[in-house]
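Add chain B to chain A, keeping to what the hints say.
Keeping their order, the protein sequence lines are chains A and B.
Counting along the first sequence from 1, when you hit position 94 you're at 94 in this note's numbering, and nothing is skipped either side.
Counting along the second sequence from 1, when you hit position 46 you're at 46 in this note's numbering, and nothing is skipped either side.
Calculated from the structure, these hints are not laboratory results.
Cβ coordinates follow ideal geometry from the N, Cα and C atoms, glycine included.
Hints are not guaranteed to be accurate.
[Stated by the list, open to error] A few chain A positions that, by computed beta-carbon distances, are all more than 10 Å from chain B: (1) V18; (2) L117; (3) V157; (4) E181; (5) S182; (6) M260; (7) P264; (8) I300; (9) R321; (10) Q334; (11) F353.
[Said to hold, decoys possible] Keeping only pairs whose Cα atoms sit at most 30 Å apart, straight-line, the calculated DSS-like set for lysine-lysine is: (12) K182(B) <-> K71(B); (13) K97(A) <-> K182(B); (14) K332(A) <-> K299(A); (15) K94(A) <-> K43(A); (16) K243(B) <-> K97(A); (17) K71(B) <-> K97(A).
Okay, here's what each chain looks like letter by letter:
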Amino acid sequence: MKFLQEIASFFTFSEPNVQVVFWGSLILCSISGLVGTFTLLRKRSLIGDVISHSVLPGIALAFIIGQKKDLVFLIIGATITGWISTYLVDYITKHSKIKNDTAIALILSVFFGIGILLLTNIQHTDNASQSGLDQFIFGRASAMNSSDIWLFSVVGVIITALIIVFFRGFSLLSFDENFSESIGFPNEILKLLLSITTVITVAMGVQAVGVVLMSALLITPAAAARFWTNSIIRLAILAVIFSGVSGVLGSAISYTYNGMPTGPWIVVTVTIVALASAFAGSKSGLLRKYLQQKRNNTKILRENTIKLFYGLNTSDSHTKRFSFHRIWEESKMQKATLRKGLKLLGRNGLVDFSNGLYETTDEGTKEARAIVRKHRLWELYIARYMHLQPDHVHDDAEGIEHVITPEIERELEKELDFPKLDPHNSEIPY
Amino acid sequence: MITPSVETHNLTVIYDKKPAIWNIDFTLPVGKIIGVMGPNGSGKSTLLKAIMGIVEPNIGYTKLFDQDLDKVRNRISYVPQRQSVDWDFPASVWDVVAMGRFATKGLFKRLDSNDKTIIQDSLEKVKMGSFAKRQISQLSGGQQQRVFLARALAQQADLYLMDEPFVGVDAATEQAIITLLKSMRDEGKTLLVVHHDLHTAQDYFEHMVLLNSRLVAVGPTDKVFNKETLTETYGGTLTTLSKVANLLKEKDFPMRHK
Numbered sequence: 001m002k003f004l005q006e007i008a009s010f011f012t013f014s015e016p017n018v019q020v021v022f023w024g025s026l027i028l029c030s031i032s033g034l035v036g037t038f039t040l041l042r043k044r045s046l047i048g049d050v051i052s053h054s055v056l057p058g059i060a061l062a063f064i065i066g067q068k069k070d071l072v073f074l075i076i077g078a079t080i081t082g083w084i085s086t087y088l089v090d091y092i093t094k095h096s097k098i099k100n101d102t103a104i105a106l107i108l109s110v111f112f113g114i115g116i117l118l119l120t121n122i123q124h125t126d127n128a129s130q131s132g133l134d135q136f137i138f139g140r141a142s143a144m145n146s147s148d149i150w151l152f153s154v155v156g157v158i159i160t161a162l163i164i165v166f167f168r169g170f171s172l173l174s175f176d177e178n179f180s181e182s183i184g185f186p187n188e189i190l191k192l193l194l195s196i197t198t199v200i201t202v203a204m205g206v207q208a209v210g211v212v213l214m215s216a217l218l219i220t221p222a223a224a225a226r227f228w229t230n231s232i233i234r235l236a237i238l239a240v241i242f243s244g245v246s247g248v249l250g251s252a253i254s255y256t257y258n259g260m261p262t263g264p265w266i267v268v269t270v271t272i273v274a275l276a277s278a279f280a281g282s283k284s285g286l287l288r289k290y291l292q293q294k295r296n297n298t299k300i301l302r303e304n305t306i307k308l309f310y311g312l313n314t315s316d317s318h319t320k321r322f323s324f325h326r327i328w329e330e331s332k333m334q335k336a337t338l339r340k341g342l343k344l345l346g347r348n349g350l351v352d353f354s355n356g357l358y359e360t361t362d363e364g365t366k367e368a369r370a371i372v373r374k375h376r377l378w379e380l381y382i383a384r385y386m387h388l389q390p391d392h393v394h395d396d397a398e399g400i401e402h403v404i405t406p407e408i409e410r411e412l413e414k415e416l417d418f419p420k421l422d423p424h425n426s427e428i429p430y
Numbered sequence: 001m002i003t004p005s006v007e008t009h010n011l012t013v014i015y016d017k018k019p020a021i022w023n024i025d026f027t028l029p030v031g032k033i034i035g036v037m038g039p040n041g042s043g044k045s046t047l048l049k050a051i052m053g054i055v056e057p058n059i060g061y062t063k064l065f066d067q068d069l070d071k072v073r074n075r076i077s078y079v080p081q082r083q084s085v086d087w088d089f090p091a092s093v094w095d096v097v098a099m100g101r102f103a104t105k106g107l108f109k110r111l112d113s114n115d116k117t118i119i120q121d122s123l124e125k126v127k128m129g130s131f132a133k134r135q136i137s138q139l140s141g142g143q144q145q146r147v148f149l150a151r152a153l154a155q156q157a158d159l160y161l162m163d164e165p166f167v168g169v170d171a172a173t174e175q176a177i178i179t180l181l182k183s184m185r186d187e188g189k190t191l192l193v194v195h196h197d198l199h200t201a202q203d204y205f206e207h208m209v210l211l212n213s214r215l216v217a218v219g220p221t222d223k224v225f226n227k228e229t230l231t232e233t234y235g236g237t238l239t240t241l242s243k244v245a246n247l248l249k250e251k252d253f254p255m256r257h258k
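Isolated chain B, as found in the complex:
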């Protein structure tokens, strides 16, 4: 059997005593563009952060390419939500993309000419080649997103975790991004993309994770993207499940006890 890209086992993250994602258990293939879909507050970003170790799961674990995260960290690239950073920060486009090289260079090693070639290539790939010196505060939303993608490209990873790359970008950028994602897929990369626009989901993703704080469905788009699963994903939360979650919080019960 081919090594899976991402494998989660009973992954559970509790925010403020309430589970944000609950018992997420799935295996994802390599070389696919995989959508993570679900309503607001369904834990899509939390799932990505838990996989990337940015939030520590309270229960469960993740394997990436059959390994622990720390063994394969330089094969994974994480693209945070564009709005999660302050774009008034004193930095140029080049500075931001160069951060992608820190993944291999670490805290101290200087960037060499090879790194610089990679940075420039990454900028060209997102059609921002002439923007290297531009201050990031002067970029439009779509350009900011491209810069984030260029930074990810500069990491030269095998698995990309992208949080809402299509939010607040113009139509041209959206097209450019999806074209780029497809060409990355053709090179054998795996892309896990948080998205919430149902209209485009079917065109963009070959594989899907449907999430509503619990896992609703996972699999190839043609198998899992149908009326029943969508109703289950978007048709409100399970009443009993959310009652239990609220009880956990109110009574301060532990989810698992030793």
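Pulled out of the complex, with its shape left as it was, chain A reads as follows:
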């Protein structure tokens, strides 16, 4: 509880610097979620990793040239080397035998290596203002000050406006580059705009998140959002929300516990969001799949149980009421499963239970006939079109009968011309 209280105290903005950290991480992370949406859709996730590692030599060089830690200056340096790295990856892929993944690995490690080298060198000089430069590796949100926020806001507004204005172009470029070219959209300009916005976003973000983890912040929000929606606009909006929230929470934790780097905490938070999305997401989340499985199993149990009554009603002409034991004899089910099935039918109003005997209601009789009809239609259908012997069709129909929709049933009836008998010469009940 102490942990939560301390985090909560961050949001009361009691310390003056807290506001700066709050707005700074909110703005940075939101932009990176927005820009990252297109990085993800264009399948350039690894390029994000290249850029974020390659901004490090730019930061170091900018410091060596300027001899001071001026953020604008550092960002310009970062943008230049970041951009050169993406250009090099694309150039190598296009003009040499080296494949894209190799080019990515190559450029990433070379640029990062040079960055570390330069940084180590700087730390060995006695320039006092170099202290804190190493925070760019893992990020430190509390290092932001209020003039940084102004810079982030202005650049953030420009990038957001750019993406809104060119949304159509960026979307089409991501989906179908050739078609985009064919209708005369300026593909090269669109690509350039996207790569420049990505590089600038990364360059701004590394102070808070760090070069090592910046690419996670670019890709993970959009990847998490993908579990919730199939619309590109909603995808972008959700990615912004996810990354904004994770950014603020991550910085709050790192701010509260002095000495914790911000980047890892933001990434941990956004990863939790992604995992939760993978579990509960409405489009392809595991929870949805699990519930779907459960619904399917219920449907199968219900239909398999009610089907038993069709057999019983047909064979035992003298009565419509059956004991549990009689039903169990007719079935191949475990007693427990059958009991569950009968209970389900009772709840659904398909059977009545009185004096220890079960009887189908009108609705139940109808459903029993329907499921047997589907079963036999399918047997006939596969016997005819898969050229199967009558004794080979039953098992298939046992599974398929549950999935046949009324539309498919009508198609089957039409296709088979309303047959009277199934392959085993049993009557098909209509």
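Quick look at chain B alone, frame taken from chain A:
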């Protein structure tokens, strides 16, 4: 003389230092369904992309309706291979067909009610009228192809360049597509269709381009679709020609020098 639909002059595209298509020179009529036939790797798709300016020809040029591509771009529609895009992309059928209207609307102009009518009509024409809201990831191969055709229809072009529209579609879709192409032809449209099934070629196309990185034959189907031209098209590459092509690559020679 009637303006030709497509005219290529010594069109040559070099991939990785080797010519993918070499000196393609032909003139095609308007108002016909024209097949582009040839074995795998014979440059059929490259030809279409070069005509559409998606790949820049290294040598030669193309005229469309006697004009440069940029002057007549909105009269041309390009249908890429279905497999060239990721169908898991977050978009609905409607979103994809709406892209056809971007050809006239450009990057910024909003789609109006007229555009929406055109989009819905295009969907009806490929019998996908009730699928507008469907996610494209849920479509079958045949349905994906129909969506691509609907997008092309929404462009309301005069010349359609279609890359393998019959690949991986069911028989019903194949029939629906060819019926649609014929009705488009009857409206005076020109259709240039990359295809590789020799059995159906004669029934589908009135005019043909036979390709094997070089032009083997071009003309009305009854004149060019015969044993000799087919042997030349499909009977392997010309040994000397491919030797020269390999030499160009190995020695890094330019194809033309100034």
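Each hint tested on the structure:
no.	hint	result
1	V18	holds, 37 Å
2	L117	holds, 36 Å
3	V157	holds, 19 Å
4	E181	violated, 5 Å
5	S182	violated, 4 Å
6	M260	holds, 35 Å
7	P264	holds, 30 Å
8	I300	holds, 23 Å
9	R321	holds, 46 Å
10	Q334	holds, 37 Å
11	F353	holds, 42 Å
12	K182(B) <-> K71(B)	holds, 27 Å
13	K97(A) <-> K182(B)	violated, 44 Å
14	K332(A) <-> K299(A)	holds, 17 Å
15	K94(A) <-> K43(A)	holds, 17 Å
16	K243(B) <-> K97(A)	holds, 21 Å
17	K71(B) <-> K97(A)	violated, 37 Å
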